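S.K.: For reference, the chains in residue letters:
There are 2 protein chains.
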Amino acid sequence: MSKKVPYKIYLTEEQMPKQWYNMLADMKVKPAPYLNPATLEPLGVTDLYPIFCEELAKQELNTQDRYIDIPEGILNFYKIYRPSPLIRAYNLEKALGTPAKIYFKFEGSNTSGSHKLNSAAAQVYYAKEQGLKCLTTETGAGQWGTALAMACAHFGLDLKVYMVKISSQQKPYRKTVMETFGAEVIPSPSETTKVGREILKNDPNTHGSLGCAISEAIEASMSRDDCRYVLGSVMNQVILHQSIIGLEAKKAMELVDEYPDIVIGCAGGGSNLGGLIGAFMQDRFAGRKAPYFIAVEPASCPSFTRGKFAYDFCDTGRVTPLAKMYTLGSDFKPSPNHAGGLRYHGMSPMLSQLYYDGYIDEARAVEQSAVFEAACLFAKHETILPAPESSHAVRVAIDEALKCKETGEAKKILFGLTGTGTFDMTAYSSYISGEMVDYNPTDEELEASFSRLPKVE
Amino acid sequence: MSKKVPYKIYLTEEQMPKQWYNMLADMKVKPAPYLNPATLEPLGVTDLYPIFCEELAKQELNTQDRYIDIPEGILNFYKIYRPSPLIRAYNLEKALGTPAKIYFKFEGSNTSGSHKLNSAAAQVYYAKEQGLKCLTTETGAGQWGTALAMACAHFGLDLKVYMVKISSQQKPYRKTVMETFGAEVIPSPSETTKVGREILKNDPNTHGSLGCAISEAIEASMSRDDCRYVLGSVMNQVILHQSIIGLEAKKAMELVDEYPDIVIGCAGGGSNLGGLIGAFMQDRFAGRKAPYFIAVEPASCPSFTRGKFAYDFCDTGRVTPLAKMYTLGSDFKPSPNHAGGLRYHGMSPMLSQLYYDGYIDEARAVEQSAVFEAACLFAKHETILPAPESSHAVRVAIDEALKCKETGEAKKILFGLTGTGTFDMTAYSSYISGEMVDYNPTDEELEASFSRLPKVE
Numbered sequence: 001m002s003k004k005v006p007y008k009i010y011l012t013e014e015q016m017p018k019q020w021y022n023m024l025a026d027m028k029v030k031p032a033p034y035l036n037p038a039t040l041e042p043l044g045v046t047d048l049y050p051i052f053c054e055e056l057a058k059q060e061l062n063t064q065d066r067y068i069d070i071p072e073g074i075l076n077f078y079k080i081y082r083p084s085p086l087i088r089a090y091n092l093e094k095a096l097g098t099p100a101k102i103y104f105k106f107e108g109s110n111t112s113g114s115h116k117l118n119s120a121a122a123q124v125y126y127a128k129e130q131g132l133k134c135l136t137t138e139t140g141a142g143q144w145g146t147a148l149a150m151a152c153a154h155f156g157l158d159l160k161v162y163m164v165k166i167s168s169q170q171k172p173y174r175k176t177v178m179e180t181f182g183a184e185v186i187p188s189p190s191e192t193t194k195v196g197r198e199i200l201k202n203d204p205n206t207h208g209s210l211g212c213a214i215s216e217a218i219e220a221s222m223s224r225d226d227c228r229y230v231l232g233s234v235m236n237q238v239i240l241h242q243s244i245i246g247l248e249a250k251k252a253m254e255l256v257d258e259y260p261d262i263v264i265g266c267a268g269g270g271s272n273l274g275g276l277i278g279a280f281m282q283d284r285f286a287g288r289k290a291p292y293f294i295a296v297e298p299a300s301c302p303s304f305t306r307g308k309f310a311y312d313f314c315d316t317g318r319v320t321p322l323a324k325m326y327t328l329g330s331d332f333k334p335s336p337n338h339a340g341g342l343r344y345h346g347m348s349p350m351l352s353q354l355y356y357d358g359y360i361d362e363a364r365a366v367e368q369s370a371v372f373e374a375a376c377l378f379a380k381h382e383t384i385l386p387a388p389e390s391s392h393a394v395r396v397a398i399d400e401a402l403k404c405k406e407t408g409e410a411k412k413i414l415f416g417l418t419g420t421g422t423f424d425m426t427a428y429s430s431y432i433s434g435e436m437v438d439y440n441p442t443d444e445e446l447e448a449s450f451s452r453l454p455k456v457e
Numbered sequence: 458m459s460k461k462v463p464y465k466i467y468l469t470e471e472q473m474p475k476q477w478y479n480m481l482a483d484m485k486v487k488p489a490p491y492l493n494p495a496t497l498e499p500l501g502v503t504d505l506y507p508i509f510c511e512e513l514a515k516q517e518l519n520t521q522d523r524y525i526d527i528p529e530g531i532l533n534f535y536k537i538y539r540p541s542p543l544i545r546a547y548n549l550e551k552a553l554g555t556p557a558k559i560y561f562k563f564e565g566s567n568t569s570g571s572h573k574l575n576s577a578a579a580q581v582y583y584a585k586e587q588g589l590k591c592l593t594t595e596t597g598a599g600q601w602g603t604a605l606a607m608a609c610a611h612f613g614l615d616l617k618v619y620m621v622k623i624s625s626q627q628k629p630y631r632k633t634v635m636e637t638f639g640a641e642v643i644p645s646p647s648e649t650t651k652v653g654r655e656i657l658k659n660d661p662n663t664h665g666s667l668g669c670a671i672s673e674a675i676e677a678s679m680s681r682d683d684c685r686y687v688l689g690s691v692m693n694q695v696i697l698h699q700s701i702i703g704l705e706a707k708k709a710m711e712l713v714d715e716y717p718d719i720v721i722g723c724a725g726g727g728s729n730l731g732g733l734i735g736a737f738m739q740d741r742f743a744g745r746k747a748p749y750f751i752a753v754e755p756a757s758c759p760s761f762t763r764g765k766f767a768y769d770f771c772d773t774g775r776v777t778p779l780a781k782m783y784t785l786g787s788d789f790k791p792s793p794n795h796a797g798g799l800r801y802h803g804m805s806p807m808l809s810q811l812y813y814d815g816y817i818d819e820a821r822a823v824e825q826s827a828v829f830e831a832a833c834l835f836a837k838h839e840t841i842l843p844a845p846e847s848s849h850a851v852r853v854a855i856d857e858a859l860k861c862k863e864t865g866e867a868k869k870i871l872f873g874l875t876g877t878g879t880f881d882m883t884a885y886s887s888y889i890s891g892e893m894v895d896y897n898p899t900d901e902e903l904e905a906s907f908s909r910l911p912k913v914e
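Residue numbers (the working numbering), protein chains in the order written: chain A, 1 to 457; chain B, 458 to 914.
Mixed in with the good hints, there may be bad ones.
[What the hints assert, rightly or not] Stretch by stretch, here's where chain B covers chain A in the computed footprint (C-beta under 8 Å, at least three residues):
1) 9-18
2) 97-103
3) 362-368
[Unchecked claim] Just the calculated beta-carbon pair ranges, DEER-fashion:
4) B:T503 / A:E254: 38 to 46 Å
5) A:P71 / B:K746: 40 to 48 Å
6) B:V894 / A:Y292: 38 to 46 Å
7) B:D740 / A:N76: 32 to 40 Å
8) B:L712 / A:L255: 49 to 57 Å
9) A:A95 / B:T649: 57 to 65 Å
10) A:K94 / B:T649: 29 to 37 Å
11) B:K746 / A:K133: 27 to 35 Å
[Unchecked claim] Selected chain A positions facing chain B (in silico; Cβ < 8 Å):
12) P6
13) L61
14) T63
15) N110
16) A153
17) F155
18) T305
19) E382
20) I384
Rather than coming from a laboratory, the hints here were simulated on the basis of the structure. Quick caveat, the model's predicted, so the values are computed rather than measured. Cβ atoms here follow ideal geometry from the backbone N, Cα and C, with glycine treated the same way.
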């Protein structure tokens, strides 16, 4: 018999996970290796040292260790803002009139407003341990930059954030938040790098782009030996750190004698989805009962559902190693109407392999007006204003709960609520005023993009 | 011996308070009665029915019942976003090098970003129980309006928010948040009321004011029998509902065998301060060991430290009953340089009486650049970006902890962190860029304001 389930379940400090779970160790087919884009040779751990600090490079390619101890410095940082609550959406269930039991793991109640802090903490910690003094990164919407600024403030590292110029103008508050935590925020393109100066020379009025900000951040990190470039999604190491989401969620459900029938995560680069499903995927790897896994992506940037499983660059600037993943092509950009985040052209190589091999059961693309409809409904009944990214998972959770209403099944649905929408009110405003437009890329558009994929045997 | 104290202490659902604590019942000297401004006659419960719904009017004047049951509908709403955590500021302690133990009760992790939701929930619930269909209110910065919109969405009441026009232009996102929760937000002055039309006729380009927004909200509520005007601070009923802050904080400290030596709360209208200190003040009323209570207010709006204890209007528009309280005069406005919230001219009559009678030990006025300095230090070490209002308490908590460093005392300091600063980045930006200016009203300015106080024997 099930215990009475409270609205919110918090683990105690003692119950918080002391180890991350590394899906790579249990995958029968490992992700294809990263390739040097010039030679097409696979990259080993030491090849990654100029890019990542050593511990992170090892984690990136670690296919041996199922569990990796979380160092005490990171555990102590996690204790400041974690555990995040597992919440039973009683009010949403009631509003939908569904027999389904809806649970969500809420990662948005820290100041960065999202789950990104879980990996930022780890990446900054290892950089500090290695004696590095400075990190660089790029940010678009600003969640990753904020998370990294918070972690750098805690561990005492300098941080330069190259922020897409148009974003820094449209979201000056995000810039100020990062500055409050001590980060230097540089609108990109800038005069601080060669690549920035070059772009400004050709187009002084450019709005900037994520690709350009990445290139500037990488160049800035290369100019100092004690500096590294860090990034917040896609990589195996990030999904490793994010595994704490699923580990906590699974443990919290165990405390009330529950286990999900369906697990739903939104997917951009894959950091949240990978982190949420890990602990449950372990059950499937081991041949035990496991949930049905659904990845949700925007119809306007549908890498899982309409992309190719192929080698591609991880960035639009084509300076990174090649990774084999579901991709729309590294220069694919979602329509300017696209407001819902999750605008990455590719998908985590690890999750791509899992989807290709059938371990992730389903990928579903949803249109943004349906996403914001779900977001508003959720906000009214659960009092949390969800981030547009998270709202993709909200949409599918509601759809699955409504199916249960049809069939009368009391399925247990777990989804990841990755963050809050406080800094995304422009998108909400566009939805509320009826100005929001949906967009699906045409087949021709995608074919043209696929034709520019790098040629790899 | 003290137990090992975790970073965060959450009560379980079973441990959450089921009753509010009513300080009025234990006060030896009760606050002076509200007066009808025309007749100067004391107002009884039924005189308040046209203004407040009946249950709230009763609570406003209830000096009998020490505990008031929290109805199940409100308890269930509290369970969605409460309990709020009691947090041990280990990292701040370490950064300060103090032997003091710093605790804070964090009320900002709901979408409204502040403690205001505790009373909004109660006020909307009772309105619904009475069969009302609609509420009106005014909002400046938007925290109260957002909290009320969230509660109205939950309980299914219509809400009209009159938002000071300049605020609705400067904070369009706050407006959108309220709209997302289904509220109608009307920039004030507006054409929807007689008083609004009058003001616009005389000054079509006015920026609006809180006084005008209050007058419009009251007029709009008067136009319908099933509608009431509600407000989020100052009143006894609000402090009653907010008592949950102190009750939870006290219980959480008991769980780790702790009791505060000092309790620090920021004070604007008094809703947070009153809510935080209540459960501890009960110990003082009963002659038991109690903490030293410090109220913190901005030097630019110093009602406790430089105001008069006298009858005054509760609003700048002079339409409300008269209340006896510490006041700077109902038309006092802090300098436009003032960025730190807490800009109310008066102070809760209940708290004013407690301060006058020596139950609140100290009121301290702090300047805003010192407040923001403390806020930035706190954010860096505790990862939470505090609201400017809350940061007043942060400032004094840090000052007290630094005194402990001098003396070597390991005092236990508890302060209220009422909210987050996510929507206040303009103020942070002004501090970071060095443009923030401190301001203290001159004696002449205050004397002129006092001379306009209503004449009451």
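S.K.: Okay, which hints does this one fail, numbers in order?
M.R.: 2, 3, 4, 6, 8, 9, 11, 13, 14, 17, 18
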